[in-house]
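Number of protein chains: 4
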Amino acid sequence: MIERYARPEMTAIWSPETKFRIWFEIEAHATMALAEIGVVPREAAQIVWEKGSAATFDVARIDAIEREVKHDVIAFLTHLAEIVGPEARFVHQGMTSSDVLDTCFNVQLTRAADLLLADLDALLAALERRAFEYKLTPTIGRSHGIHAEPTTFGLKLAQAYAEFDRCRSRLVAARAEIATCAISGAVGTFANIDPRVEEYVAEKLGLTPEPVSTQVIPRDRHAMFFATLGVIASSIERLATEVRHLQRSEVLEAEEYFSPGQKGSSAMPHKRNPVLTENLTGLARMVRSYALPAMENVALWHERDISHSSVERMIGPDATVTLDFALARLTGVMDKLVVYPETMQNNLDRLGGLVHSQRVLLALTQKGVSREDSYRLVQRNAMPVWRGEGDFLTLLKADPEVSAKMSDAEIAECFDLGYHLKQVDTIFTRVFGRA
Amino acid sequence: MIERYARPEMTAIWSPETKFRIWFEIEAHATMALAEIGVVPREAAQIVWEKGSAATFDVARIDAIEREVKHDVIAFLTHLAEIVGPEARFVHQGMTSSDVLDTCFNVQLTRAADLLLADLDALLAALERRAFEYKLTPTIGRSHGIHAEPTTFGLKLAQAYAEFDRCRSRLVAARAEIATCAISGAVGTFANIDPRVEEYVAEKLGLTPEPVSTQVIPRDRHAMFFATLGVIASSIERLATEVRHLQRSEVLEAEEYFSPGQKGSSAMPHKRNPVLTENLTGLARMVRSYALPAMENVALWHERDISHSSVERMIGPDATVTLDFALARLTGVMDKLVVYPETMQNNLDRLGGLVHSQRVLLALTQKGVSREDSYRLVQRNAMPVWRGEGDFLTLLKADPEVSAKMSDAEIAECFDLGYHLKQVDTIFTRVFGRA
Amino acid sequence: MIERYARPEMTAIWSPETKFRIWFEIEAHATMALAEIGVVPREAAQIVWEKGSAATFDVARIDAIEREVKHDVIAFLTHLAEIVGPEARFVHQGMTSSDVLDTCFNVQLTRAADLLLADLDALLAALERRAFEYKLTPTIGRSHGIHAEPTTFGLKLAQAYAEFDRCRSRLVAARAEIATCAISGAVGTFANIDPRVEEYVAEKLGLTPEPVSTQVIPRDRHAMFFATLGVIASSIERLATEVRHLQRSEVLEAEEYFSPGQKGSSAMPHKRNPVLTENLTGLARMVRSYALPAMENVALWHERDISHSSVERMIGPDATVTLDFALARLTGVMDKLVVYPETMQNNLDRLGGLVHSQRVLLALTQKGVSREDSYRLVQRNAMPVWRGEGDFLTLLKADPEVSAKMSDAEIAECFDLGYHLKQVDTIFTRVFGRA
Amino acid sequence: MIERYARPEMTAIWSPETKFRIWFEIEAHATMALAEIGVVPREAAQIVWEKGSAATFDVARIDAIEREVKHDVIAFLTHLAEIVGPEARFVHQGMTSSDVLDTCFNVQLTRAADLLLADLDALLAALERRAFEYKLTPTIGRSHGIHAEPTTFGLKLAQAYAEFDRCRSRLVAARAEIATCAISGAVGTFANIDPRVEEYVAEKLGLTPEPVSTQVIPRDRHAMFFATLGVIASSIERLATEVRHLQRSEVLEAEEYFSPGQKGSSAMPHKRNPVLTENLTGLARMVRSYALPAMENVALWHERDISHSSVERMIGPDATVTLDFALARLTGVMDKLVVYPETMQNNLDRLGGLVHSQRVLLALTQKGVSREDSYRLVQRNAMPVWRGEGDFLTLLKADPEVSAKMSDAEIAECFDLGYHLKQVDTIFTRVFGRA
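Protein chains in written order, with the UniProt record's numbering: chain A, 1 to 435; chain B, 1 to 435; chain C, 1 to 435; chain D, 1 to 435.
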């Protein structure tokens, strides 16, 4: 995570201030729960809540204490005691540091997931708007980078919409994975703390109690979370790659918006480069890479070891901040994408009608020609066109074996663009629920 | 995927015979659907179905054709035509190779997922049985590899159960991700094929129509599928690592079953090594590694490129076969695991009562000692025990600052093991729905 | 590793026959070394060598024994004893299985490295030949997929040559990493075997003795080896991606060779797809992915655990066979690549002279115009050209601010293509040592 | 990279101040080189050098300009012009941004490599010192976590030394990979800049000219660099894992140094956890993960795209800062490691002499017993010991089949510890060049 690729709302989730505030809330809720079940005096719990809520935690002071005791939660509790006074002794009773750390991390991840869901909603809205805008704008469909058959630019965007809609569902599932709370003590047996405390805190924080924890919340949950972010990043890469291709000099069917003051190149003043989507390609590589250490974190030793911690201090912010930035950037790109329908049409016409070859092939088989013969007939007329030696329609009409089976009108009918657009509404209805 | 780590049922899914059979079914169902909507003669579709169903496809023959035409689906269709006769010309009408290939791959993956789900069920059954067997068997809980507080061996297994139960849910979701069918033509516009064909084939194969495909079924689905397998593999690694730790010479609380004829080491005849779980650790690394190329596969160019294909020819079998083998092996390990409750008790007693230090700490604070002072008192009596210089209980009783606050009986009460087991039923009920 | 992407010579290295042959050589050399230092009778060592050399090891028989004893080396030694007779008792004295397994794996890897080095030599030869063939063929250089300035097709190939030449040096270093031998006993102390045995065997097998082994040869060596293969694969992906771009319908400056009988698409007969380089892109993803489990293999427990073994049984063949195939395929692609210099020239002319904008910018600054003003002048004439509204040279001449500083001839001189080619010989000399 | 796991010297390399200083040096050296070959006035180059050298670049000002022009190098040049005055127009002539950016990145990486080499030297020194300290301290060697045969603690450290010595050599090679300079213009043709400028700047900065660049320095170099860091990190993980194992409650042969004020656990005051080495395990996962996006960066499109940039802005600092911190932390751990030779001896004696089983096996075969029979004899006496039913030496002496072949004295001789230490000097001489 670097400032250049970070947005303030997501970054704030990972600030020490936010972290200590969440720690406090966990501790104070737990103390209150202990009061509810009669373990600590209710007034003490009240004082903890009130004094802590009113206070601003002094990050520098906590850091100073940590340098001495070499333990972050103890440092925080020491500082809290400075604020709360004698009632602080009722705080953290029967709890272990991980109860605080793991629950806090999950609170941060759920908040991060909420921001990412909002990012996805914005992206989906932009994609839907642009998809309908270009629903029937013909453009060449390409497989292997080679012209295949016509499609529409709206269909390209509908595919992107459907893909990010799936990403949204995955993120909802991933959020549920890590929306758990553990207040279960040193090895998860609730020896020193009543399970009702966990239930109370979980409810206050909008989490679910972890069914069985072992000091730590099990890290398969987090592995699944970060793996899901990696998949979302891969979808970002796909759409970014599409834009990069469309903006190539030879294709130029669409372009990232280029603001008036912007300079494309220090050396070549004419250049307008797809730098945003190239940037997104790189960011996707990063978010994807964080899935691996998250998976390696699963196999903690026995009831817990702390090897996951350094990983999570990094990938927690790195993955969520970078993905948040990337989604917002992609939304901007798609929202303002400059689209050139005319160039699309020109490119479509570029191969001299070859894009209609399959339709000719089918028409021939329907006239009773074998598939193998049809293929041969079509290919022998396609190849000269490919070499720039003529127009596909003309050549077909002039081929006696073809004209023996199909009239000129029948051949020409194969070249109708509308033929390819007739199911656009069907697909739009599948994707958007409307056409 | 290598034979050593493969089981026949999963391997069979990836045989050429199975693949061609599925290709045939897709083609034959599609031809039947075309007959239903009046595009091809019903009798022709019937003949295709009957002759193809009765035939055994000749893999060597198809391979020979492919070497000539350098295209696998065309090779298959050519061979099918040899079997079916002239009606073969109605097959594959308006379809593109990817319609067959992608739908087939998803059929294979769903079948693989079904086997993996059965594997998980078997593993869950073994874990549940053993968890109840050792529900109240005390054992030391360890954080950082250091003795922490008592837990039970059943709780360790309950945690594993809960983790694999989550893995099961994830796999169900992952299966749904890739249970789709696409019969949408060259760039997914249904230009040459009616969407009803896709719906018909999907239903016959137990799949869902892909809402919008672009010759290919989008690969974010597969990325999610293989990422999920990677997470499951990581959970395997966790449980395997636990067994490896328990079997260490110095711990020896449990052992992999060692069959009579087995030799542990060519050089050291006494050795009984946790080779199965070490092996599982390595297999987990492999399954996890396949998530990455699956994610890189997402960003295909434009409507498709074929870079994903070589990856999937490898990781399709490699990931599913290896994971199937690993789950079955882990089930065997857990089912036959030799458990030594006595050693567990001996290890538990090893630290001279230090494992009860937190309880003493809590008791002191409840007597009104500040948390900081309590910590100091406990630590100064714990350190000599750690150095082997005495027994914790004795030292505490002899400490005047401690005895000023707690009677000997109160101190002794802190050393009661039952204290740690009182919530086992609560946790079992959360995990298994019964205790 | 699958047959489709495998070549026989590399595959043979990983066959059980080769493995058992190498095992035998290690054991027989070691026995001979033991004879040299007087530990076993020389005649016995001679008999072992002769009978073993003459024999064909029965893979099925060894497998059957292994199923019983569950230990591969013991199974082999048992079979060897069946062949050699009573003298077999002198075999494997003081050795441990890993002495055989690890040394064998390194022999296999060095042989694999030798094949890969030969592959790289063939690729370098093809690249050099084609680089000189197109040394001065002008083509547009592209940054961000956007036309930048002219370069030559030979320079593109020279860059690829330099990159694979670096890969070759890396592979030489990687080969040295794993060209070690360990015959050091159960924990590497040479307690039961003299270090001279290790030296003897190492020399016979063309290896170096491992300075300190601990039953296993340390796996950082193998991590480095497989990471290096991953880097080479990434360079394959780069060149493959270049070809894929060049073959795009809109670019079409080069094409993979398309054999007469080949069919590009089952549906679209005109298509000629860059399937080989797309395939290489996927294979690169696979080879790259194997670096990860190889790195995870490094941290074996204490003197060794066997978790690396299953990983290596897979990635040993998978990585080397796939990379061998990929290098050979890439060599074929580059050797037969169909190049279209005319299209290159057409594409170069496509942007109406904009590719010369930097040269105009420089000329203006050399006439005393500030960099900022020059940039502004160039950009305001470039933008209309970009929009298809005119020719860059004409517009510049018509711009009064430009013509106030430069004569028409001076402006025109900026559009000379030769200007960009003047250092080609310099670069070729750097890369090939000749121009 | 986060502050918690960062050291100031390495962090400084990645500060904007350092970056702009390097940018300035590249630009100023290049201007001077242009003066040398007569392209710009020598006095102008002198003024650029002097004014720039004396100035402090205003990072905030440059950022402000960048926000407007959206191009970092142009922003810097604009600011430089504010400092230098009219002579600034001679700066950057014929260069492209990447000339500055790529060369700067390589300068930063070589400086980072130098720090890492110094880190490795410090680690090697610590390992050598401790290795000699415990050269002959007996400890049990473990394979599969199971007691195998005796070794010495010094040998464990010698192995670590040898491994990090290899890492050092790899890093030297990796440093050479990225110690190159490119000043070759927009597509690397030197069209607007003389190759002598590149040579001049390279020499001034201690770099080698990149033989053929294409606006960018090829990223296979960086992939190799970061992959090497990943391998080094994996070796850190290995040694860290060893310490974690040794500190386990049941093993406790060594411990991380635990400072007086330190608290091990907020809940369990007696605990002393191997938190530093657990932390290193996590950091290793992170450094390793950065190898992947670095490899994906290789396949830039055509002469360059900028997708690598965001990746490198992150992994450049992240990988080097984290690895620097990890190496320094590991050095501290090994330097201050508390070693318990007595516990080592106790653990060694734990298995009732079973660790000598192989020696007994060998002695029996040397007495003419077949390998299979020897194995059987040893195993039948080992198994009761394993079950805690007796002492290996006593049982062997009582076994009539054994005593028929070996006298009691001969059997006892097999239990001599010195036997296992006799080659320690040989190994030390191999590793350290002295014993």
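By construction, these hints were calculated from the structure, which means they are not laboratory data. Be a bit skeptical, because a hint or two may be false.
Since the list can't tell identical chains apart, any single copy or any two copies may satisfy a pair.
Subject to a maximum C-alpha distance of 30 Å in a straight line, what follows is the list of computed DSS-like cross-link-like pairs (lysine-lysine) [said to hold, decoys possible]:
#1 Lys70 x Lys405
#2 Lys405 x Lys367
#3 Lys397 x Lys204
The hints, checked one at a time:
1. Taking identical chains as interchangeable, the C-alpha atoms of Lys70 and Lys405 lie at most 30 Å apart only when they sit on different chains, with a minimum of 29 Å there against 87 Å within one chain.
2. For the identical chains of this complex, Lys405 and Lys367 are intra-copy neighbours only, at 6 Å inside a copy versus 70 Å across copies, given an alpha-carbon limit of 30 Å.
3. In this homomeric assembly, Lys397 and Lys204 never come within 30 Å of each other (Cα to Cα): the closest approach is 76 Å inside a single copy and 41 Å across copies.
Hint check: a violation occurs at hint 3 only; the rest are consistent with the structure.
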